[in-house]
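S.K.: Here's the letter readout for the chains.
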Amino acid sequence: MDWTFIASHVWDYVGGAWVTLRFGLYGVLCSLALGMLCCLARYFRVPVFRQLAVGYIELARNTPLLVQLFFLYAGLPRVGIKFSAEACAVIGLTFLGGAYMAEAFRSGLEAVDKAQVEAGACIGLTRRQNIRYVIFPQALATAVPALFANVIFLIKETSVFSVLAMMDLMNVADTLRTSGGRTVEVLFMLVMAYLIILLPVSVIATMVERRLRYAGFGDQHSV
Amino acid sequence: MQDLGISILFKGINFQRLMGGLWVTLRLALITIGLSCLFGLLFGMLMLSKRKIAKVFCRMWLEIVRFMPQLVLLYIVYFGFARLFGWDLDGETSAVIVFTFWGTAEMGDLIRGALTSIPLHQTESAAALGLTKGQVYLYVLIPQTLRRLLPQAINLSTRIIKTTALVKMINVTEVLKVGQQIIGQFYRQPDAAFWVYFVIFLLYFLVCWPFSLLAKQLEKRWA
Amino acid sequence: MADTILRVNDIHKSFDGTGVLRGVSLEIREGEVVVIVGPSGCGKSTLLRCINGLEAIDKGEIWLRNEKISGRTKDLHLVRQKIGMVFQSYDLFPHMKVMDNLLLGPTKALGKPKQEVEQEAMQMLERVGLKEKAHVYPRTLSGGQKQRVALVRAMLMHPEIMLLDEITAALDPEMVSEVLNVVIDLARGGMTMAIVTHEMRFAEAVADRVLFLEEGVVLEEGTPEKFFHAPTTERARRFLQSFTYASKRDKAEVQPKNNFGD
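Chains as they are written, first to last, in this note's numbering: chain B, 153 to 375; chain Y, 190 to 412; chain E, 59 to 320.
Any given hint might turn out to be false.
In silico lysine-lysine, DSS-like type, Cα no more than 27 angstroms apart, as pairs [unchecked claim]:
no.	chain 1	residue 1	chain 2	residue 2
1	E	Lys306	B	Lys266
2	B	Lys266	E	Lys284
3	E	Lys140	E	Lys170
4	Y	Lys366	B	Lys266
5	B	Lys266	E	Lys132
6	Y	Lys244	Y	Lys322
7	E	Lys166	B	Lys266
8	E	Lys170	E	Lys132
9	E	Lys189	E	Lys170
10	E	Lys117	E	Lys155
11	Y	Lys239	Y	Lys322
12	E	Lys140	E	Lys155
13	E	Lys132	E	Lys155
14	E	Lys189	E	Lys132
15	Y	Lys322	B	Lys234
16	Y	Lys405	B	Lys266
17	E	Lys191	E	Lys172
18	B	Lys266	E	Lys140
19	E	Lys117	B	Lys266
20	E	Lys172	E	Lys189
Label pairs and their calculated CB-CB ranges [claimed, not checked]:
no.	chain 1	residue 1	chain 2	residue 2	range
21	B	Glu238	Y	Asn360	42 to 52 angstroms
22	B	Phe196	E	Ala114	18 to 28 angstroms
23	B	Glu238	E	Leu136	28 to 38 angstroms
A short list of chain E residues far from chain B (calculated; beta carbon distances all over 10 angstroms) [as the list claims (entries may be wrong)]:
no.	residue
24	Ser83
25	Gly129
26	Pro231
Simulated from the structure, these hints should not be mistaken for laboratory data. Just so it is clear, the structure is predicted and the values come from calculations on it, not from any experiment. Glycine included, every Cβ here is placed at the ideal spot set by N, Cα and C.
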């Protein structure tokens, strides 16, 4: 292992990590918003939007991000719809992630016991109050592990951003590899960089899940 | 007026070429799914073993595939192994190694989850009826395990099919690459790229969607 | 005579073509405790669920004081604010501490000031012996404790009437009485109640009137003394008998006779 090579290129990786993290985060946030919207459209049975949401979710979950990006970045401009590489990255990740987040929210909602909904109604809450104070908090807590799994999944998926000529971690490594030939060092740093980004996410996920469990969500039955 | 770009897909053997490209990734996916089921069974049983070292080993393996983008793993095997061990693997072999490495751990975890999800009293009450250990497995444990496992395993298979698209990044001539070649030939047709990538997008959807529907159906029936 | 609080007039309800309630009528006056008994599947629970609109009825009318509450789809929550209901499965909100469970209805649905409700909630918790549990999560409570909290939660809405749907059915035997004593305490305090239960001795103790329901119709109605000791219908007699057991020793004495009989 050539440590001087590693030391002299650390900052390249920091730059790449910043791109990965920044656009990963944009994608995650937009995915959460889009996923929530789709889930709400289905939950409240909003006509048209609900069918659109179902169609979109199926489409996004059953196609690879790489293919989605090619279509966005190389296909659409040919019919006059042009986005920058960065915009394509965020749109692509959101398109993919929104569907996964919507499914996570939905399974959380489905896990809320029907008896809980009735109990809320029986103390005279309006439907809106029932959703806000009784249903959503429980659904969200159940959805948290899946939501965090999606965050990690989406950040990993950013590794194909190099096809958009973005200098993310993967592209930084690939550039260094082709120019310097120090494959082992280059890949070692790549692995380390992803670990440094994803380990904290995983630790936070575990902490949040544990807190929710201790707060009483762990045992939802016969409460 | 010019032809619509979609017509180029039906010129000569272009469509057949695209399907040929798709088959490259599908074949890789099928091999991977088969191997993952086989090794996943061993992996799952290893995870349930009482030996600490086996558990730690499995945990590490699982964490690696959970944390590392599949593309990074592909790079390590395709470019890194040549440097580290002098193995000059071609793209398809590297892909099978990496995706099986990943699929084995994920499938193994699903199998472990399905096996442990069956309540102990099911085994006990079956044993109390005087069934032999083999009969307990045959009539009680395996049917229940399969019901839980099958939908999840099918979902994992769809993910594997989608993920094999990544072989484009290690120079395997698959459907996106074929698409690029076709677009190159028809560079005078401005919207060729749009239609080619759109059709590839659709093809992936048509391959993956039936699996997703099947998984959902089974889940509903066996829930 | 006291005012009529609830009037159920010939209601019908069927699920998938099966008639569960087939013309049930019932009146409950202020301060009265009506116990509804009957074999499982007779429609007892459905009757309670129809009263507070968890199930829509197919035919008939339900009146709460001078207001028709059946057949409405809008503002059902306003009706439910006046009807307290407690289920067999407690259904406390797992994500809220006991006190927050109690505050939710009065502060959000009724818009009462939090402090006022909190004080009252504390008093009621003390009455049911759970004052020290105000700030724990429901999952740390025993079944009997959860059910007492659920009763307090419903009572804090100051309902016109309480509907109790087999509230001890999920409890371990030794916890049943701690819950039922709270109900008897409420009855003494003049609470109007409709109670579905399988605890016959409790029913006899708490009821002003007993309704025997079978296959969706009221077969018999009367004072507890009359119903439990001199039921008029054969069906009711058989139902009450199902709670007693033939003694093993009696049988043992009968058995040899048969063996040695000529």
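S.K.: Now, for every hint given, state plainly whether the structure supports it.
M.R.: Right, here's what the structure says about each hint:
no., hint, in the structure
1, Lys306(E) to Lys266(B), "violated, 44 angstroms"
2, Lys266(B) to Lys284(E), "violated, 39 angstroms"
3, Lys140(E) to Lys170(E), "holds, 15 angstroms"
4, Lys366(Y) to Lys266(B), "violated, 51 angstroms"
5, Lys266(B) to Lys132(E), "holds, 20 angstroms"
6, Lys244(Y) to Lys322(Y), "holds, 25 angstroms"
7, Lys166(E) to Lys266(B), "holds, 21 angstroms"
8, Lys170(E) to Lys132(E), "holds, 23 angstroms"
9, Lys189(E) to Lys170(E), "holds, 21 angstroms"
10, Lys117(E) to Lys155(E), "violated, 41 angstroms"
11, Lys239(Y) to Lys322(Y), "holds, 19 angstroms"
12, Lys140(E) to Lys155(E), "holds, 24 angstroms"
13, Lys132(E) to Lys155(E), "violated, 31 angstroms"
14, Lys189(E) to Lys132(E), "violated, 37 angstroms"
15, Lys322(Y) to Lys234(B), "violated, 64 angstroms"
16, Lys405(Y) to Lys266(B), "holds, 22 angstroms"
17, Lys191(E) to Lys172(E), "holds, 18 angstroms"
18, Lys266(B) to Lys140(E), "holds, 22 angstroms"
19, Lys117(E) to Lys266(B), "holds, 25 angstroms"
20, Lys172(E) to Lys189(E), "holds, 18 angstroms"
21, Glu238(B) to Asn360(Y): 42 to 52 angstroms, "violated, 26 angstroms"
22, Phe196(B) to Ala114(E): 18 to 28 angstroms, "holds, 20 angstroms"
23, Glu238(B) to Leu136(E): 28 to 38 angstroms, "violated, 52 angstroms"
24, Ser83, "holds, 24 angstroms"
25, Gly129, "holds, 17 angstroms"
26, Pro231, "holds, 17 angstroms"
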